[in-house]
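Trainee: Let the sequences and hints guide you as you build the complete structure.
Residues 61 to 273 in my numbering are what the sequence shown lists, from first letter to last.
Among the clues, some could well be false.
[Said to hold, decoys possible] The calculated DSBU-like cross-link candidates involving lysine-lysine, where the alpha carbons are at most 35 Å apart (straight line), are:
(1) K177 with K101
(2) K213 with K177
(3) K217 with K101
(4) K101 with K213
(5) K217 with K177
No lab work stands behind these hints, which were simulated from the structure alone.
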Amino acid sequence: MHKLATGVAKGHRSRLATMVVATSISLAAGAKETQPLNSDKIRERFGHYGVELLHQDAIARLASLYSMSDQRRITRTLALTRSELPTHPALAVEDEQIRAGASIGATLRSAGWQVIKDGQADCQTLAGQRFARLGGSTLAADDPVLIRVYTLKVTGKNLSLDYAVIAEAYHPEHIPPTAELPCTRTIEDALSTSQSLALSGLLSAMNQVESPS
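Mentor: Below is the structure:
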């Protein structure tokens, strides 16, 4: 009887442990679903959010995610997006909207997709001439900025898809860099080919010298 009772107790503990693990996974998944997007954070922190396409071709798009200050646009995130081609048919409508200038994360979320940043890598570099201009008087070319590279995944409708690879540079007032962050060269070996191309494209765009419009 004692052995039977012990077996039952162990079985109960095993099922309980399984339930706890399953619950933890469920909570983690729920946390991902409710995680705010970059656009949410900009709107909350600065009271406004907008997106402006600076360049777009079949593969890549460069966009300024900005807020307004004294009737001037201040770029809070400069984002280089490389699409995963061919686009899956399930994402065709959302992709068309995004290519027309819509916000990526917000568009996908509104269509019912869960948006996940996968394979995220952070580093730092200097803002560069173009990013400084887009940041107005609040950003200098030699200011350090945080760079984040990741693969944007979407899940839903019984699918899990890679939509794009994104490299983002953040205005220090939005997401400040820290002294512990490595330089861009240090993380290159850890990146996929698509991530490396997105990072190099963003760095090139940040340092372009353009006359004010």
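Trainee: Hint compliance check: list the failing hint numbers for this structure, sorted ascending.
Mentor: none
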